[in-house]
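Use these hints to put chain B onto chain A, whose structure you have.
If you read the protein sequences in the order shown, they are chains A and B. The opening position of the first sequence corresponds to residue 403 in this note's numbering, with each subsequent residue numbered one higher. The opening position of the second sequence corresponds to residue 80 in this note's numbering, with each subsequent residue numbered one higher.
Bear in mind the hints are in silico, worked out from the structure with no lab data behind them.
With the C-beta cut set under 7 Å, the calculated list includes, among others, these residues of chain A facing chain B:
| # | residue |
| --- | --- |
| 1 | P418 |
| 2 | Y419 |
| 3 | I422 |
| 4 | T436 |
| 5 | Y439 |
| 6 | S465 |
| 7 | P469 |
| 8 | N533 |
| 9 | R641 |
| 10 | E644 |
| 11 | D647 |
| 12 | D648 |
| 13 | G649 |
| 14 | P687 |
| 15 | D688 |
Given the structure is predicted, the values throughout are model-derived calculations rather than measurements. We put the beta carbon where it would ideally sit given N, CA and C, even for glycine.
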Amino acid sequence: MPNIRYANMCHWKSIPYRRIENFRDFYYEDRTNTAYYSDWDTILKYQTALGFDGIEIAPWDLSDILPLFGSPEAFTAFAKKRGVEVIGMFHGAHASHDAGHEEEAIRAGREAVDTIVKFGGQYMNTCPTQNYCGAGPLSHKEVQQCAKVLNEIGRYATDNGVKIGIHNEFFCAINLPNHRELIESTDPRYVHYCLDTAQVAILGEDILTFYKDYHDRISTFHLKDTASARQPDSVRYSRDPEITDDGKRWFWEPGLGELDLEGLYRLLKEHEFKGWMSIEYDGSPDMLASMALTRYHLDTVLRPIYD
Amino acid sequence: MNSDRIAISLDLINRHYQEPNRNRFESKYFWEELYPLIRAAGFRSIEIPYEPVWQFGGRSGVPMTRYSIETKYESAANYRAVLAAAGIERVAGVTFDPNLFMRNDNLGFFFGASGHFAGEALGHAADLGADYLAISPSPYYGRAAHYHPDLEAKRGVFAEKTTELLTGLAEKATGTGVTVVMRQDYWSVFRGDDMAAMLAGLPDAVKLDVDTASLTIAGIDPAAFVESHVDRIGCVHLTDTDFVDMGETWKTANPEFPEDRATQVFRDPGTGSVDLAGVAGLLDRVGYAGPVTVSARQTRDPFRALLRTRALLNQFSN
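So that you can see chain A by itself, here it is in the shape it has in the complex (with noise of 0.2 Å):
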């Protein structure tokens, strides 16, 4: 059994399928590649093809998940079968920060964690709050109330099975000033940390050495790659910045960016990590060649330096 797995952080947009029977006719009704992106047999079929057998799915792709397949138990059975596992869901731990949103914050936090439970999943990484615009800059006390929700979600996820990872976004609330001080006021019995090595990276954070710092908190990752490292404040305080106007990306696919993917891997061996390793597309124009992309970096790249 190898020390990491790979999963994909799910970024397909809606899939209106669970498997097309007439594949053929549906192609040739206007002989595009639709059909090769229109369910979900098919795209569970590339991620198994290119080795990635878990996915983490997200909260947007409930309401088209659920319908269709009738309860995430479905939708689990479905994916095992086609060799997959749900390994967990993405949450936003909206206005979390805010203490008149307190109880809402972790009812919310605690229904996610109950539908993790029933997709059979054992990760929910969480953005702390929401965008730094709008809502910035914390005060410690905002900050601090970041941290009582997150440990309250975290020991109850902890509880159920299910690990809680601080997984912090480049326009984030929590942002450079505040991120290791959320880190250091939750409790690491309850709370962990996903590290997505690109959003991490344009905050400010030079990944090896947040990696050395906290790597005892480290429960997963969101491994991609950036050119964009170390962005300044008037860019990541900006409004909806996530999506940008000319189509600059933020995110590559590992080895396509900047990011010493090589010297977190050797650290990865130092400190014998152990666990799932989300990769993630966002950005991405092509899906599946990112996820063979991908795949070809990881096993002539990384995976030599540590599997």
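Quick look at chain B alone, frame taken from chain A:
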């Protein structure tokens, strides 16, 4: 029918389903490149689907909410100026469907959120100088039934609250220049007699939308529908299809993607089997002078769809 008066819906851009290069649809540059191409294809006006999803999570590059327009252009007036510079003279209408909010078993949440955002859509339509707000009165029947297995038992409450929502919208629309029109979706909770009953309970200010493909799918002849509702029509959508729902696809959770046999339900105008030229001629004969919008939703190639649609409209007699 003079095709200069026919708008095209921005629903020809696939925002929600997976396909290569879909990511570009979320950036502002894509849309600003699109508008002059729409004009080059001979369209002077557009319809905008109002989709609240684009204001959640900071993804405002898709110009389909008030929030998105304010984020990227500061005001509807500035956005209209950008459209005008690209040759798009006006926004003919705005559409809204409440599917996003059918996500749990709480009807209060569904009607609260739907009512709020339908109001936003109406305000946006007014700011844009649009003629109509075309609203789907229900979510997909199958999606509603998933979260409300007792949907049939709740039908009365559902109808009552929907009527209340539409009546309130019509009142808000008074004096704005925007007409509220009710869509005839083949997947609706309200079809046939239920739709007729709802219509009877709504103020006259709420008009009907004729969607040629949706009617055809439900087994209703669009021409006959036009003739029997001519005094209540507030908007016409020229949409095409080759699909007739013989197996209760309308009751499924994702009715625009028939689960027993995959097919492109909404075809590019002119590539299905609806007699769109015939409907256009009939509208002229009955003296309909209201908004007409062509839609290529579900197209697999928006730029080909633009030209296919223009090629079809070129065949209409003026």
